[in-house]
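Chemist: Spelled out from the first residue to the last, the chains are:
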Amino acid sequence: MAVKYVLKLYVTGVTSRSKTALENIKRILEEDYKGVYSLKVIDVLKQPKLAEEDKILATPTLIKILPPPVARIVGDLSNKENILLGLDLVAVR
Amino acid sequence: MQNKTKKGAVEKVFTGIRGFDEILMGGVPKGRATLITGGTGTGKTVILNEFLYRGITQFKENGVYVTFEEDKRDIIKNVLGFGWNYGSLIAQKKLAFVDAGALKEMTFESGQSYDLSPLIERVRYAIKKVKAKRLVIDCLDNLFSRFQNRDAVRQALCQIIAELKELGVTVLMTAEKSGPEQSLSRYGVEEFVADGVIELALIKGQQQFLRRMFVIKLRGTNFRSGTVEYEITDQGLVVYPKIPVENIFAKTDFQVRKGFGIKDLDDILGGGIPQGHMVLVSGNTGTGKTMFGMHFLMQGIGKGENVVFVSLEEPIEQVKKTALTHGWDFNRQEKEGRLGFVTTNLIDISNDKLLYHIISAVEGINAKRVVIDSISSLLSATMSEEQVRQFLIQLSGYFKANGITCIMNYLSLSNFGAARGQLLSHLSTNEMRLSSVTDAIIMLLFVERGQKIKKLLNVLKLRGSQHSKEIFSYEIEKDGIKMGEKYEE
Chain P
1 MAVKYVLKLY VTGVTSRSKT ALENIKRILE EDYKGVYSLK VIDVLKQPKL
51 AEEDKILATP TLIKILPPPV ARIVGDLSNK ENILLGLDLV AVR
Chain L
1001 MQNKTKKGAV EKVFTGIRGF DEILMGGVPK GRATLITGGT GTGKTVILNE
1051 FLYRGITQFK ENGVYVTFEE DKRDIIKNVL GFGWNYGSLI AQKKLAFVDA
1101 GALKEMTFES GQSYDLSPLI ERVRYAIKKV KAKRLVIDCL DNLFSRFQNR
1151 DAVRQALCQI IAELKELGVT VLMTAEKSGP EQSLSRYGVE EFVADGVIEL
1201 ALIKGQQQFL RRMFVIKLRG TNFRSGTVEY EITDQGLVVY PKIPVENIFA
1251 KTDFQVRKGF GIKDLDDILG GGIPQGHMVL VSGNTGTGKT MFGMHFLMQG
1301 IGKGENVVFV SLEEPIEQVK KTALTHGWDF NRQEKEGRLG FVTTNLIDIS
1351 NDKLLYHIIS AVEGINAKRV VIDSISSLLS ATMSEEQVRQ FLIQLSGYFK
1401 ANGITCIMNY LSLSNFGAAR GQLLSHLSTN EMRLSSVTDA IIMLLFVERG
1451 QKIKKLLNVL KLRGSQHSKE IFSYEIEKDG IKMGEKYEE
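Protein sequences appear in the order of chains P and L.
The working numbering numbers the first residue of the first sequence as 1 and each following residue consecutively.
The working numbering numbers the first residue of the second sequence as 1001 and each following residue consecutively.
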């Protein structure tokens, strides 16, 4: 199956907060979008230029690139319902 | 002017904004953050831009622009209007942006478990990239309104400011102020991070908005208190600082006389006007006040002095034409840098602005003689009597300290039609009131005698000098003023 969901997760360094956010979004994606998503994790400390280009002000920030529209969620991504609603996603199953 | 301070005291950096550094007595505190507050349209962003631009181009201090409001591209486009080419400064690695303008896409918050470390990182990255010594933030309200977690925003700001202090980077930042009561205190930032606060305001004038500036605090350093006026011109901001009144030091010299070059008149004055005197030339319309002033300036030029003509009644072009009919080529003198002109719109006129223009013109060519045509037009404009008096006190303080001699024309309506034997009986009280600021008064009068209007001159007062007390007749002729006989009835 082709990748239909493209996401970027911005974090700042390896902190408990960034770990939590990454675990949370991975769980959601593995549960509902297995095989059709791509998630790129970007560390602001290592790539400040990308943070500048994407105008990132806070971390963790999750950006949904595809499918349109582009949307962002700021926070540790602990509330699944909130995330699906905010990113305008519906489960594929 | 210099911004060297006592050892250990807070150092300052010049902003490079005209007049602004004088108010701040040397600039903004170095390595500290200064907050500019004010409503929409007051020019907060212009100050930030000029601080950066002058820093880079005049003081070799590179800069970083952090924007939470306008898009980077829009800012670059906007400042081109002032002739500031940000594109080339960015290419030369002298200017960097932290572009955090509004996003096209929606942003949601899921809980408040986040921080603004990317902002800090981006600022660090930009500072490093151009080795910045100046940084501006426009504007804080925008940043606060974007996040629900105010603590996270406050924390990040405090950290940024603290880091910049370590690096010796000087910060200017803006915040909206929409009412007299409202201040940035609502975010709890002003108290913690800003070492200086400058407030800007727009006031409705008769024909245009007047802009006023007020320094509220500048921690650990001196500044001039009081409200001052400023303008936004096509070359940036101009602040009109009040001229401090200097009464201690005067270069008045009774031995050095400044003549008119009118035969007999200089003798009547005991050789001319003593250097540093403020002279009121009072007379009705048609008595030739402007002409006396022109004589005075041309005589100065002839003696190798540079001069300034302040024309408040007529357009400068018209003054030049009048002068030319008497054989004085003002255009040439102006081109050769011997003669400077000052003019202003009489509506919405302000003391500070006019003083600033006069003093700039005088300093520009190191002028030693000034004619103001006329003081009465200030009174008939929107300046109150008290304002005119203050204006004259400040001007006189500056002129005396610099040994500049000044002729001020004054339109006096009450000198016409004096009765026989009572030539001075109608002397207006205005001249008397201005008398404390003037060192000399030359009265010009009309009298009607034998079916003719005669012009008469009398030196009413000349501080510290002998002068003739007689009344003399004079005529205005093609090549200037000709003094006549002593007038006796």
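It should be emphasised that the hints constitute simulated quantities derived from the structure, not laboratory data.
Among the hints, erroneous ones may be present.
To be verified - DSSO-like cross-link-like pairs, simulated, lysine-lysine; straight-line CA separation at most 30 Å:
{"hint": "1", "chain 1": "P", "residue 1": "Lys46", "chain 2": "L", "residue 2": "Lys1303"}
{"hint": "2", "chain 1": "P", "residue 1": "Lys40", "chain 2": "L", "residue 2": "Lys1104"}
{"hint": "3", "chain 1": "P", "residue 1": "Lys55", "chain 2": "L", "residue 2": "Lys1165"}
{"hint": "4", "chain 1": "L", "residue 1": "Lys1320", "chain 2": "L", "residue 2": "Lys1469"}
{"hint": "5", "chain 1": "L", "residue 1": "Lys1072", "chain 2": "L", "residue 2": "Lys1303"}
{"hint": "6", "chain 1": "P", "residue 1": "Lys55", "chain 2": "L", "residue 2": "Lys1303"}
As the list claims (entries may be wrong) - Covered stretches of chain P (chain L as the covering partner; in silico rule of three or more C-beta atoms under 8 Å from a C-beta of chain L):
{"hint": "7", "stretch": "2-8"}
{"hint": "8", "stretch": "25-36"}
{"hint": "9", "stretch": "40-53"}
What the hints assert, rightly or not - Here are the computed distance ranges between Cβ atoms for each label pair:
{"hint": "10", "chain 1": "L", "residue 1": "Asn1345", "chain 2": "P", "residue 2": "Val70", "range": "45 to 55 Å"}
{"hint": "11", "chain 1": "P", "residue 1": "Glu23", "chain 2": "L", "residue 2": "Arg1073", "range": "30 to 40 Å"}
{"hint": "12", "chain 1": "L", "residue 1": "Gly1205", "chain 2": "P", "residue 2": "Ser16", "range": "54 to 64 Å"}
{"hint": "13", "chain 1": "L", "residue 1": "Ala1009", "chain 2": "P", "residue 2": "Gln47", "range": "38 to 48 Å"}
As the structure is a prediction and not an experimental result, all values here were calculated from the model.
The beta carbon of each residue, even a glycine, is placed where N, CA and C say it ideally should be.
Chemist: Would you mind marking each hint as holding or not holding in the structure?
Modeler: Quick rundown of the hints versus the structure:
no., hint, result
1, P:Lys46 x L:Lys1303, "72 Å, violated"
2, P:Lys40 x L:Lys1104, "21 Å, holds"
3, P:Lys55 x L:Lys1165, "25 Å, holds"
4, L:Lys1320 x L:Lys1469, "34 Å, violated"
5, L:Lys1072 x L:Lys1303, "56 Å, violated"
6, P:Lys55 x L:Lys1303, "66 Å, violated"
7, 2-8, "violated (count 0)"
8, 25-36, "violated (count 0)"
9, 40-53, "holds (count 6)"
10, L:Asn1345 x P:Val70: 45 to 55 Å, "51 Å, holds"
11, P:Glu23 x L:Arg1073: 30 to 40 Å, "38 Å, holds"
12, L:Gly1205 x P:Ser16: 54 to 64 Å, "59 Å, holds"
13, L:Ala1009 x P:Gln47: 38 to 48 Å, "42 Å, holds"
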